[in-house]
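Q: Work the whole structure out from these sequences, hints included.
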Amino acid sequence: MQELINRLKELIADGTVVRAIGWKKGDMPYNPEPAYFEKPEDFDNFVYDGFCGANLSKMMIEAAKLEGKTAVCLKPCDTYSFNQLIREHRVNRENAYIIGVGCRGKLDIEKARKAGIKGIKSISGVDIEGDGDVTFDTVYGQKKMAYTDLMLDRCHVCKGKDHVIFDEVIGESKDTGDADRFEEVIKIEKMTPEERFAFFKSELSKCIRCNACRNVCPACSCRKCVFDGVKFDSQQKANVDSFEEKMFHIIRAFHVAGRCTDCGECSRVCPEGIPLHLFNRKFIKDIDDFYGEFQAGKDPEAQSPLTDFTFDDLEPKDAVGRGE
Amino acid sequence: MSMNEEKKEFRPLIVAFCCNWCSYAGADLAGSSRLSYPADVKIIRVPCSGRVNPMFILRAFERGADGVIICGCHPGDCHYSTGNYYARRRMALLFSMLEYMGIENGRTRVEWCSAAEGAKFSKTMNEFCEKVKSLGENVRLGDIRCKN
Amino acid sequence: MQKIGVFVCHCGTNIAATVDVKKVVELVRYEPGVVYADDYMYMCSEAGQEKIIEAIKEYGLTGLVICSCSPRMHEKTFRACAEKAGLNPYMVEVANIREQCSWIHKDKEEATKKAVILARAAIAKVNLNTPLKEGESPVTKRALVIGGGIAGIQTALDIADAGYEVDIVEKEPSIGGRMSQFDKTFPTLDCASCILTPKMVEVNQHPNITLYTYSEVEKVSGYVGNFDVDIRKKARSVDFDKCTGCGECSTKCPLGKIGNIPSEFDRGLRNRPAIYMPFAQAVPAVPVIDRENCTYFKTGKCGVCAKICPSKAVDYEQQDEIVTVKYGAIVVATGFDIINLDKFGEYAYNESPDVITSIELERLMNAAGPTGGHLERMSDHKQPKDIVFIQCVGSRCDSEEKGKPYCSKVCCMYTAKHAMLIKDHWPDTNITVFYIDVRTPGKNFDEFYRRAVEQYHVNYIKGQVGKVKPQPDGSLLVQAADLLDGKQINMKADMVVLAAAIEPNPGVRKIATMLTASIDNNNFLTEAHAKLRPVESPTAGIFLSGMAQGPKDIPETVSQAGAAAVKVIGLLAKDHLKTNPCTAQCDTLLCNGCSTCANVCPYGAITYEDVQVNDHGLRETRRVAQVNVALCQGCGACTSACPSGAMDLQGFSNRQITTEVDAICR
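First to last, the protein sequences are chains R, V and G. Mapped onto our numbering, the consecutive letters of the first sequence carry residue numbers 250 to 573. Mapped onto our numbering, the consecutive letters of the second sequence carry residue numbers 80 to 227. Mapped onto our numbering, the consecutive letters of the third sequence carry residue numbers 1334 to 1999.
These aren't lab readings, by the way, just hints derived from the structure by calculation. Computed from a predicted model, the values in this text were never measured in an experiment. Worth double-checking, as some hints may not be accurate.
Stated by the list, open to error - One side only, chain R facing chain G, incomplete, derived with CB under 10 angstroms:
(1) Lys314
(2) Glu337
(3) His338
(4) Phe415
(5) Asn464
(6) Ala468
(7) Cys469
(8) Ser470
(9) Lys473
(10) Cys474
(11) Gly478
(12) Asp482
(13) Ile500
(14) Phe503
(15) Leu555
(16) Thr559
As the list claims (entries may be wrong) - Capping the alpha-carbon separation at 27 angstroms, the derived lysine-lysine pairs in DSSO-like fashion look like this:
(17) V:Lys87 to G:Lys1439
(18) G:Lys1575 to G:Lys1585
(19) G:Lys1517 to G:Lys1532
(20) G:Lys1756 to G:Lys1802
(21) G:Lys1800 to V:Lys210
(22) G:Lys1446 to V:Lys87
(23) V:Lys212 to G:Lys1446
(24) G:Lys1356 to V:Lys87
(25) V:Lys212 to R:Lys566
(26) V:Lys199 to G:Lys1441
(27) V:Lys199 to G:Lys1439
(28) G:Lys1446 to V:Lys210
(29) G:Lys1756 to G:Lys1800
(30) G:Lys1676 to G:Lys1843
(31) V:Lys87 to G:Lys1441
(32) R:Lys566 to V:Lys202
(33) V:Lys199 to R:Lys566
(34) V:Lys210 to G:Lys1439
(35) G:Lys1441 to V:Lys202
(36) G:Lys1439 to V:Lys212
(37) V:Lys199 to G:Lys1864
(38) V:Lys212 to R:Lys439
(39) G:Lys1575 to V:Lys202
Backbone N, C-alpha and C define an ideal beta-carbon position, used for all residues, glycine too.
A: What follows is the structure, given as structure tokens:
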């Protein structure tokens, strides 16, 4: 982390960049938040550890409009999102200095809570360089957890340790993938329609339409969302009935289909813990099945599957009822 | 609820989006050939199947439609050359998603129907109505406030 | 708020018999925006239209809903009617209560209910209609004909004779196409080149025609009346202006004797030099160097042609040249070829040189052909005594992978022609034709076929050939089934001629894509309407001529070529075209500039520009989509691709369609 801070300070000092985007300490040891850094003293609060899960690429939409270059810290998976933004002309590559930061998987505090760890005072072993267990110092004494047991689900289906776009890389990365990316989707597909409906009904009924999923998603970056605009008479706010949530989440996933890099931020930020990535991942799985494997953001030149076609594409009637 | 109403046969509400060049003309041909299909089907004319935004489909379900069918020119015959190819992908993904969410997959359909296929249009609508009828009222996607 | 008038038509009893018209009027009268509702016997009649005009004036109507027949029938009529009364024509919507209601439903109550719902949807839509204005675009008075066969030649001549300039692009070094390879034509048996060559010369000399031979269409942009076409003029390596066409170069090219370069024109039945004219009557009479085979281009040595050319016309340095030309209309006359016979191993085409295709037979019988018109076997140069013709090789084929589902249309006639011509010259030849059906619907066609059977005693056998086996003695054993007698036939033949299926020129797919013209599963170009607009492509400004549209013989091709020319002339005669006002429009403030819409636009109508915006006080420069309304055809593909709803389609806007959905589902 110190190497990263030093390098960012250096880049600002020598005028390569005007500012940097990274993470600053939160009020708790497990909730750092994205922040801008300009002056040397700003870096006193800089942090980069296992809890820095936030994908900072979306912040570059606005940052790239500012005067001068901005350095941005991107983990390997974040670089896919950045590439996708370049493809969609949402960020100006010229105004970005990409520091590929190392990653050995990001952590989910909920996992600790589920393991009964409460009253956390401090946490150690979450440094980016380390490779041991995580130790929690709590009001009830010391608790330990294996790093991988504490990892976000999304990190178990890691896209790999390589940054697909960067100016320089600082730190080592690890491919933490040890699960099948589509396992959850397949599990749902195997349910009966009634079970599937009940599952999504119960999940989506939790939605409070806080729009956190929308705001954090690097693909969901419209200046104004259709659900805020008047173009479809579809302005919606808090949930009044169950359908609005269905419509919102289907359309949201549909609008990012073929563009979603599966960064998993939507599920990470959902305050209700709705597994929103299950929508996106279903589209990804279908796209792979129907039109050949496609990873959004891997190649900024590649045509998105939804703005492409072949003469003998799958017919919609064959897209459904496949499990029957 | 009176006994009378209880006995009433379920009549589905079906919204059909038809492209102006092939399917709408196919529907006209079905009409001029007097090839009947249930009055439950209401057609909305769009320039191209590629114009059909998934928002329209969900909106129809929200407002109480029991089935939605999209009709376009056969692949390769699109008046705008490629619109139906994009529609085909969009609808394949959307329908698969609805199925994934537990919505009965018989409620949605895409059919390619040329201006010369009046008989096919009528047959398709008859089949689709039967199918939706067998599925009953759309409760999973509807918005209860929109129901009378 | 709109002031809407609703007019419900009885259409005699067509509507009124099943729909309670009066009830519809009563029920829609209180819909939002409706200030007037009435019915009439025939809304489209003079009196009906008068009624509409009066109501517009009296009630100050701002929108009309006509509940009548299909908008495809009378939308134009009612729009014109509105315009007469000073109302914008695009403030009219038609509720189709005939084709899609009264004609298909029997129950009056049910049909009336549906008619009301359809009317409500139209009323809801009109509430959101806005006046639209048609644009005008100028017409470039020049036509392009792609393909220089008989179809292209005839179309070009007809357009040129009407006084318009026309260019022909032909990918081969000479115009003439397939017809120039033929020997005689049915059913009159006149010589193909005798009737074609004068037309070729006429094309070359016509002041209104420019020829681009050995050239290909590279890129097409624009739209009806205003196409921009890039034409690649491939390097001929011979200076057009200096060459006199004396042919000395071809005679002296060392590869003529030792090169083994098969002549495309003679279907590989003889060789040609590396510098060559495809055939003696080629137009233009300027040779071309085949750079792939030429020794000079391969090794840098030789240069014989340059040395002996009396007018110093050979130019090895010549480069491909791309010219961009503007056209108002484009005719596709790319013609046909025969299918590849690799999948028909049973006929031994690739095994024996004595199994030939009909088009090869044309060359063998042609006086200017490889054998000087003397029919002989390619293996031993002996005259064949027993000849078997096999029909439908790949035509009317069940297996899509192997052949074509359609009838190639001309094979029955040309086979009868071949049989008769052979019998005429060499009466003691035995000719057997294996056929599925003999199809002769055409003027003097059946008479022609009957002459082959009755007068020339050609042996027609209804049956399919299972196998052709080359024998050690050089003959061919034909194994077939006689379907009428139910017998197996084993027959010895000296020569077997295959009527290979016709397919569109393989290059047509690429051209159709460039033109955004649709093609069917068999790669034939699709007509705008199979019956009523058979020579137009659904894409405006693109016309179809000849075999590119479907199998046809020479007289049919020539008549279609003329018809296509008339359509082109009709277009070029106009100074301006009205453009469709139902085009896409981008809301600059909502646009993300992501280019998704541009990726799906089939017309290249969307470009991106950096513009200054004022978004509720926030001033910034944004990359936003711009629609070229002259290019936009109003398909709306962009609107469904756009995630933010910035792209919308005038006349079929998101809100209009949504409100229709709502009205129907109410």
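Q: Each hint should be assessed against the structure and marked as holding or not.
A: Hint check:
For Lys314 (chain R), the interface hint holds, the least distance from its beta-carbon to any beta-carbon of chain G being 7 angstroms, beneath 10 angstroms. Evaluation of the Glu337 (chain R) hint against chain G yields a held restraint, the C-beta minimum of about 4 angstroms falling below 10 angstroms. For His338 (chain R), the shortest C-beta to C-beta distance to chain G is roughly 5 angstroms, which falls under 10 angstroms, so the interface hint holds. Checking Phe415 (chain R) against chain G: minimum C-beta separation of about 23 angstroms lies over 10 angstroms; hint violated.
With a least beta-carbon distance of about 15 angstroms to chain G, the hint placing Asn464 (chain R) at the interface is violated under the 10 angstroms criterion. Using the Cβ-Cβ criterion of 10 angstroms, the hint placing Ala468 (chain R) at the interface with chain G is satisfied: the shortest such distance is roughly 9 angstroms. Annotation: interface hint on Cys469 (chain R) holds; nearest CB of chain G at approximately 8 angstroms, less than 10 angstroms. Taken as an interface hint, Ser470 (chain R) checks out: its beta carbon lies about 7 angstroms from the nearest beta carbon of chain G, inside 10 angstroms.
Look at Lys473 (chain R): its Cβ gets to within about 5 angstroms of chain G, closer than 10 angstroms, so that hint holds up. Residue-level restraint check for Cys474 (chain R) holds (minimum Cβ-Cβ distance to chain G is 7 angstroms; threshold 10 angstroms). For Gly478 (chain R), the shortest C-beta to C-beta distance to chain G is roughly 6 angstroms, which falls under 10 angstroms, so the interface hint holds. Given hint, Asp482 (chain R) at the interface with chain G, holds; its Cβ is 5 angstroms from that chain's nearest Cβ, closer than 10 angstroms.
Interface hint at Ile500 (chain R): satisfied, since its Cβ lies 9 angstroms from the closest Cβ of chain G, which is below the 10 angstroms cut-off. A least Cβ separation of about 9 angstroms between Phe503 (chain R) and chain G falls short of the 10 angstroms threshold, and the interface hint therefore holds. With 10 angstroms as the threshold, the beta carbon of Leu555 (chain R) comes within range of chain G, its nearest partner Cβ sitting at about 7 angstroms, so the hint holds. With a cut of 10 angstroms, the hint placing Thr559 (chain R) at the interface with chain G is violated, because the nearest CB-to-CB distance is about 13 angstroms.
Distance restraint check for Lys87 (chain V) and Lys1439 (chain G): the Cα-Cα separation of roughly 19 angstroms lies within the 27 angstroms cut-off, and the hinted pair is therefore satisfied. Between Lys1575 (chain G) and Lys1585 (chain G) the alpha-carbon distance is near 18 angstroms, which keeps this suggested pair within the 27 angstroms criterion. Distance check on the hinted pair: Lys1517 (chain G) and Lys1532 (chain G) sit about 16 angstroms apart at the alpha-carbon level, within 27 angstroms; holds. For the hint pairing Lys1756 (chain G) with Lys1802 (chain G), the CA-to-CA distance comes to about 25 angstroms; that is within 27 angstroms, so the pair holds.
With a CA separation close to 50 angstroms, the supplied pair Lys1800 (chain G) and Lys210 (chain V) exceeds the 27 angstroms bound. With a C-alpha separation of about 17 angstroms, the suggested pairing of Lys1446 (chain G) with Lys87 (chain V) holds against the 27 angstroms cut-off. At most 27 angstroms may separate the alpha-carbon atoms for a hinted pair to count; Lys212 (chain V) and Lys1446 (chain G) meet this at roughly 19 angstroms. Pair hint Lys1356 (chain G) plus Lys87 (chain V) holds up; C-alpha atoms about 24 angstroms apart against a cutoff of 27 angstroms.
A hinted pair counts as satisfied when its Cα atoms are at most 27 angstroms apart, and Lys212 (chain V) with Lys566 (chain R) qualifies at roughly 18 angstroms. Distance hint between Lys199 (chain V) and Lys1441 (chain G) is fulfilled; the C-alpha atoms sit about 25 angstroms from each other, no more than 27 angstroms. Taking the CA atoms of Lys199 (chain V) and Lys1439 (chain G), the gap is about 20 angstroms. The hint holds against a cut of 27 angstroms. Note on Lys1446 (chain G) and Lys210 (chain V): the hinted pairing holds, with a Cα-Cα distance of about 23 angstroms set against a maximum of 27 angstroms.
A C-alpha spacing of about 25 angstroms is found between Lys1756 (chain G) and Lys1800 (chain G), which places the hinted pair at or below 27 angstroms, so the restraint holds. The hinted pair formed by Lys1676 (chain G) and Lys1843 (chain G) meets the criterion: a straight-line CA distance of about 24 angstroms does not exceed 27 angstroms. Note on Lys87 (chain V) and Lys1441 (chain G): the hinted pairing holds, with a Cα-Cα distance of about 18 angstroms set against a maximum of 27 angstroms. A threshold of 27 angstroms between alpha carbons decides the hint, and for Lys566 (chain R) with Lys202 (chain V) the separation of about 16 angstroms falls inside it, so the pair holds.
For the hint pairing Lys199 (chain V) with Lys566 (chain R), the CA-to-CA distance comes to about 16 angstroms; that is within 27 angstroms, so the pair holds. With a C-alpha separation of about 22 angstroms, the suggested pairing of Lys210 (chain V) with Lys1439 (chain G) holds against the 27 angstroms cut-off. At roughly 22 angstroms between alpha-carbon atoms, Lys1441 (chain G) and Lys202 (chain V) fall within 27 angstroms of each other, so this suggested pair holds. Proximity of Lys1439 (chain G) to Lys212 (chain V) is assessed by CA-CA distance (about 20 angstroms); at most 27 angstroms being required, the pair is judged to hold.
Distance hint between Lys199 (chain V) and Lys1864 (chain G) is fulfilled; the C-alpha atoms sit about 19 angstroms from each other, no more than 27 angstroms. Taking the CA atoms of Lys212 (chain V) and Lys439 (chain R), the gap is near 26 angstroms; set against the 27 angstroms cutoff, the hint holds. Taking the CA atoms of Lys1575 (chain G) and Lys202 (chain V), the gap is about 68 angstroms. The hint is violated against a cut of 27 angstroms.
Hints 4, 5, 16, 21 and 39 from the earlier list are contradicted by this structure; the remaining hints agree with it.
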